[in-house]
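*Asks:* Here's the letter readout for the chains.
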Amino acid sequence: MTIEEAGLIYRTTSEIRGPILMVEGIKDVSYDELVRIRRSTGEEVTGSVLDVSRDWAMVQCFGDTSGMDLNVTIRFTGEALKIPISEELIGRVFSGSFKPLDHMPAPLSTDLRDVNGGTINPAARDVPSEFIQTGLSAIDGMNSLVRGQKLPIFSESGLSHNMMAAQIARQATIPGREEEFAIVFGAMGIKNEEAEFFREEFEKTGALSKSVMILNLANDPPIERIVTPRITQTIAEYLAFDLGMHVLVILTDMTNYAEALRTISIAREEIPTRKGYPGYLYSDLATIYERAGRIQGRPGSVTLMPILTMPAGDMTHPVPDLTGYITEGQLILQRELALRGIYPPMNPLPSLSRLMKDGIGAETTREDHADVANQLYLAYGEGTRARGLVRIVGEVGLSERERTWLRFAERFENEFVKQGPYENRSIEQTLDIAWNLLSMLPEDDLIRVRESYIKKYHPAYKSER
Amino acid sequence: MGEIVRLSEETAYIQCYEVTSGIRPGEPVIDTGTPLVAELGPGIMSTIVDGVQRSETRLWELTGPFVTRGTNIIPLDREKAWPFKAKVKAGDKVVGGDILGIVQETPSFEHRVMVPPDKTGTIKSIKSGEFKVEEIIGELETAEGVVDLRMMQTWPVRHSRPIEEKLPLEKPLITGQRVIDTFFPVAKGGACAIPGGFGTGKTVTLQQISKWSDADVIILIGCGERGNEMADVVTHFPQLEDPKSGRRLMERTVIVANVSNMPVSAREASIYMGVTLAEFYRDMGYDVAVMADSTSRWAEALRDISGRLEEIPAEAGFPAYLSDRIAQIYERAGRIVTLGSERRVGSVTILGAVSPPGGDFSEPVTTHTLRYIGTFWALDAELAYRRHFPAINWLRSFTRYMDIASRWWSQLDPAWEGVRAQALRLLGEASEIEETARIIGEKALPDEQRLILLLAEMLREGFLMQNAYHEVDTYCEAEKQAALMKVIIDFYDHVEPLIRKGIPIEKVRDMGVVTELLRLKERKGLEPIEEVRGLMREQTDQLAKEYEVAV
Numbered sequence: 001m002t003i004e005e006a007g008l009i010y011r012t013t014s015e016i017r018g019p020i021l022m023v024e025g026i027k028d029v030s031y032d033e034l035v036r037i038r039r040s041t042g043e044e045v046t047g048s049v050l051d052v053s054r055d056w057a058m059v060q061c062f063g064d065t066s067g068m069d070l071n072v073t074i075r076f077t078g079e080a081l082k083i084p085i086s087e088e089l090i091g092r093v094f095s096g097s098f099k100p101l102d103h104m105p106a107p108l109s110t111d112l113r114d115v116n117g118g119t120i121n122p123a124a125r126d127v128p129s130e131f132i133q134t135g136l137s138a139i140d141g142m143n144s145l146v147r148g149q150k151l152p153i154f155s156e157s158g159l160s161h162n163m164m165a166a167q168i169a170r171q172a173t174i175p176g177r178e179e180e181f182a183i184v185f186g187a188m189g190i191k192n193e194e195a196e197f198f199r200e201e202f203e204k205t206g207a208l209s210k211s212v213m214i215l216n217l218a219n220d221p222p223i224e225r226i227v228t229p230r231i232t233q234t235i236a237e238y239l240a241f242d243l244g245m246h247v248l249v250i251l252t253d254m255t256n257y258a259e260a261l262r263t264i265s266i267a268r269e270e271i272p273t274r275k276g277y278p279g280y281l282y283s284d285l286a287t288i289y290e291r292a293g294r295i296q297g298r299p300g301s302v303t304l305m306p307i308l309t310m311p312a313g314d315m316t317h318p319v320p321d322l323t324g325y326i327t328e329g330q331l332i333l334q335r336e337l338a339l340r341g342i343y344p345p346m347n348p349l350p351s352l353s354r355l356m357k358d359g360i361g362a363e364t365t366r367e368d369h370a371d372v373a374n375q376l377y378l379a380y381g382e383g384t385r386a387r388g389l390v391r392i393v394g395e396v397g398l399s400e401r402e403r404t405w406l407r408f409a410e411r412f413e414n415e416f417v418k419q420g421p422y423e424n425r426s427i428e429q430t431l432d433i434a435w436n437l438l439s440m441l442p443e444d445d446l447i448r449v450r451e452s453y454i455k456k457y458h459p460a461y462k463s464e465r
Numbered sequence: 001m002g003e004i005v006r007l008s009e010e011t012a013y014i015q016c017y018e019v020t021s022g023i024r025p026g027e028p029v030i031d032t033g034t035p036l037v038a039e040l041g042p043g044i045m046s047t048i049v050d051g052v053q054r055s056e057t058r059l060w061e062l063t064g065p066f067v068t069r070g071t072n073i074i075p076l077d078r079e080k081a082w083p084f085k086a087k088v089k090a091g092d093k094v095v096g097g098d099i100l101g102i103v104q105e106t107p108s109f110e111h112r113v114m115v116p117p118d119k120t121g122t123i124k125s126i127k128s129g130e131f132k133v134e135e136i137i138g139e140l141e142t143a144e145g146v147v148d149l150r151m152m153q154t155w156p157v158r159h160s161r162p163i164e165e166k167l168p169l170e171k172p173l174i175t176g177q178r179v180i181d182t183f184f185p186v187a188k189g190g191a192c193a194i195p196g197g198f199g200t201g202k203t204v205t206l207q208q209i210s211k212w213s214d215a216d217v218i219i220l221i222g223c224g225e226r227g228n229e230m231a232d233v234v235t236h237f238p239q240l241e242d243p244k245s246g247r248r249l250m251e252r253t254v255i256v257a258n259v260s261n262m263p264v265s266a267r268e269a270s271i272y273m274g275v276t277l278a279e280f281y282r283d284m285g286y287d288v289a290v291m292a293d294s295t296s297r298w299a300e301a302l303r304d305i306s307g308r309l310e311e312i313p314a315e316a317g318f319p320a321y322l323s324d325r326i327a328q329i330y331e332r333a334g335r336i337v338t339l340g341s342e343r344r345v346g347s348v349t350i351l352g353a354v355s356p357p358g359g360d361f362s363e364p365v366t367t368h369t370l371r372y373i374g375t376f377w378a379l380d381a382e383l384a385y386r387r388h389f390p391a392i393n394w395l396r397s398f399t400r401y402m403d404i405a406s407r408w409w410s411q412l413d414p415a416w417e418g419v420r421a422q423a424l425r426l427l428g429e430a431s432e433i434e435e436t437a438r439i440i441g442e443k444a445l446p447d448e449q450r451l452i453l454l455l456a457e458m459l460r461e462g463f464l465m466q467n468a469y470h471e472v473d474t475y476c477e478a479e480k481q482a483a484l485m486k487v488i489i490d491f492y493d494h495v496e497p498l499i500r501k502g503i504p505i506e507k508v509r510d511m512g513v514v515t516e517l518l519r520l521k522e523r524k525g526l527e528p529i530e531e532v533r534g535l536m537r538e539q540t541d542q543l544a545k546e547y548e549v550a551v
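Residue numbers (our numbering), protein chains in the order written: chain H, 1 to 465; chain E, 1 to 551.
These are computed hints drawn from the structure, not numbers from a lab. Accuracy of the hints is not assured; some may be wrong.
[Stated by the list, open to error] Reference listing, derived: stretches of chain E covered by chain H, where coverage requires no fewer than 3 residues with Cβ under 8 Å from a Cβ of chain H: (1) 18–25; (2) 77–83; (3) 112–125; (4) 252–265; (5) 330–336; (6) 380–390.
[To be verified] Simulated DEER-style distance windows between Cβ atoms: (7) E:P497 x H:E400: 23 to 29 Å; (8) E:A316 x H:A267: 36 to 42 Å; (9) H:E423 x E:S406: 39 to 45 Å; (10) H:E400 x E:E522: 25 to 31 Å; (11) H:R39 x E:S21: 24 to 30 Å.
Note that CB positions come from ideal geometry on N, CA and C, so glycine has one too.
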């Protein structure tokens with residue numbers, strides 16, 4: 001240890017309570033600063049200051065505290081957690097606390113970045129408006145993603161969210177420009193095989209050479225998950241706003257992150273709100289999610305796709321609920337669709353992309369896109385309602401019109417939503433499938449589509465020409 | 001920058017408005033001796049400021065695209081000179097609130113420079129010309145001696161500005177949104193809450209109102225919301241035209257933006273800051289509308305600070321005084337006579353979005369808010385899923401300003417009240433019939449009831465639903481709203497006797513005019529409505545004839 005990195009060293013830990021250490025008799029320690037904790041065995045883990053008073057500090061430890069005794073050496077470094085940043089990070093794999101996992105040396109750089117980042121000034125933000133074609137009809141057609149958006153996938157355990165995220169990562173492109181995305185992948189508490197799946201998927205398509213992976217797996221220390229998404233976002237910000245790359249960030253699984261936050265909160269004896277989560281969960285999630293976006297005068301962008309599993313499929317659970325209030329929409333996967341063999345099992349009705357309106361239209365996708373999407377919503381909504389009715393009165397009890405809606409819903413799920421995990425549809429293909437389905441409805445029922453578009457795109461008129 | 005939130009004999013508890021990481025015990029704290037104040041004067045209009053009134057555009061120029069701590073920005077630009085035109089002359093007796101003169105702040109906004117509320121006396125001197133906000137524009141002889149007059153004044157944000165008297169509310173705020181203006185209007189000077197889970201369209205609704213409502217000044221408070229939304233407003237408002245004046249919307253708008261990843265405590269201040277700015281413009285004699293998006297984030301900031309002060313929590317961790325604080329804010333709305341010797345009337349309308357956890361309206365912020373407001377727009381996730389926007393549920397929403405609105409609408413169209421009542425009645429009946437239909441199927445219902453279902457569907461699709469992104473439909477003037485509702489109800493009155501005579505509902509539904517009626521909202525002006533009315537007569541008459549022949 002050199003003198004420069006010595007900082008202030010204490011051996012005055014008075015209490016260890018779960019992931020929290022109380023250190024006494026300290027001087028000149030600042031709020032939120034980085035701490036290095038060394039066990040008598042020489043093993044070192046990092047932590048950060050949660051609370052500080054004149055003579056004591058509360059430290060959260062990002063590593064495992066079991067077996068730790070009060071004789072640990074605590075070194076206050078005097079600065080917040082920073083990571084060395086450079087172009088060399090591309091193609092690398094790190095642990096959740098930024099240790100190399102790929103048998104390569106630790107990265108070196110004089111450019112150190114605070115993982116907490118800064119707040120993008122709202123006046124300096126650029127409105128995200130470039131349509132991203134993911135090749136998935138349910139997304140492109142009805143819940144379009146744009147560059148700089150944060151769009152989470154709300155899923156349940158056992159559904160194919162990973163497959164879907166990998167497919168998006170593989171296929172995402174701006175139509176007509178064929179630029180690829182750099183991928184920054186942050187994993188929190190996922191299983192090793194899931195991480196392997198992503199690594200293989202990226203490797204297969206060569207995306208690995210344009211990606212950075214930060215992996216905190218299920219058997220890694222849970223508290224480390226507090227910093228994992230922040231490291232991920234710091235790297236993404238650097239690639240986007242310093243190097244001008246278009247970055248797609250995948251964070252999975254945010255529910256595990258929130259649980260780590262809850263563990264800390266409970267250990268601190270804070271007043272819990274819903275389901276034991278702290279009252280600041282919204283603000284805390286915002287400090288991660290809001291780092292996505294575009295900045296005026298900078299070429300790159302950070303597009304964020306967090307994945308979270310809703311415990312018991314409950315969308316009102318605090319984590320999906322607060323996420324939905326921060327992100328610009330949500331993609332919702334449902335077991336019911338998965339059971340019927342539909343991949344991706346995404347229900348477009350409760351899904352939403354708030355920024356879709358800015359990204360679609362004559363210049364980017366096609367002029368009829370918005371109207372067609374609206375019409376599909378209406379028709380599929382009516383179809384699912386008719387399906388509910390069938391359960392009670394049987395198909396004979398339906399009116400002719402309701403029966404048409406019902407048939408529409410069936411075909412919609414099987415032809416529009418359903419597609420192969422390696423099937424990459426262009427936006428034209430997606431819209432053509434949509435028109436094909438809409439043509440089974442009477443023309444008078446297509447009230448959400450402008451008449452001029454019906455004349456131009458409806459298959460009945462198209463074949464005439 | 002911070003503010004004292006609790007004081008005991010030796011200790012002051014300070015909430016800090018900026019990031020606190022890296023701060024350590026022993027840091028110096030400087031007491032400014034003044035509460036958190038807003039600087040009021042020309043130079044606020046069309047700007048975007050944070051919760052403590054720092055210009056975010058200036059902040060960007062100074063520190064780059066990321067907000068850094070400790071950048072001191074004085075709210076009003078001290079260097080910019082404004083053309084001041086005096087409206088009083090030496091020797092005039094003035095009281096607090098009187099207008100000294102005007103500054104054309106933006107092409108469509110006239111800024112009225114007022115005597116500070118606590119000053120009374122005789123004008124000793126006054127000058128017109130180019131002045132900076134801190135320069136002396138004149139002198140006032142008061143009982144306590146001569147005071148310098150400047151264009152800038154300050155006001156503590158947590159106190160409401162003084163008024164002469166409160167007036168009863170008189171006019172509805174016309175927003176160009178059909179479901180709001182026709183069914184659940186808010187009065188100018190009233191208060192309104194708009195709760196809804198995520199994705200139900202709170203923000204879009206508030207943005208639509210800030211775009212199209214007939215208020216003179218709009219204060220848009222983004223409290224703990226998305227950064228991209230603020231960017232959207234800043235980008236699009238300067239391009240949009242006010243339907244009244246034809247001027248750019250940004251010229252009458254002030255944005256207070258404290259996004260979700262900015263320090264929580266500044267969120268708490270941002271609502272007070274916005275309302276204080278609104279009161280300042282109200283005192284000039286304007287109708288001001290404040291959009292607070294979202295008050296739940298503000299309440300969460302209160303909870304956060306309360307928790308750190310180790311206060312005993314009441315419901316869901318919120319402090320026991322939550323209800324009082326909500327009341328204090330909504331009570332600053334109102335239609336008033338301003339201070340001053342001439343009788344000037346202004347109003348502040350407050351529209352607050354509420355983001356209830358899990359979309360559950362029984363949580364504390366929603367329930368307390370409902371006690372202090374006059375209009376309630378209940379946003380419905382089911383409607384939002386079907387992309388029925390604005391997703392305002394017509395059965396659960398209410399307004400206490402109906403008599404005010406009725407008076408106003410009746411001047412426009414004497415039949416309006418009856419038509420509206422019938423529309424609401426049909427919508428209510430339809431929802432009951434739907435309950436039955438859910439059990440026995442629509443086909444099994446008598447045709448009279450199926451007609452009500454058809455009409456409710458037409459009202460939903462053709463009237464209540466409004467596409468914010470359709471070039472015509474985004475704004476619907478009052479005359480068109482009245483005519484549109486009337487023609488749909490007329491349709492019911494026309495076909496109802498036919499159904500009773502035994503004409504099957506399918507025949508009615510298949511009439512071409514049904515689709516025409518639904519498409520009316522996309523067509524400009526009133527003539528298409530009259531055209532379709534003619535078409536409706538033709539087609540129903542023909543249907544009746546066909547039927548008689550068949551019999």
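*Asks:* Please write out, lowest number first, the hints stated earlier that are contradicted by the structure.
*Replies:* 2, 3, 5, 8 and 9
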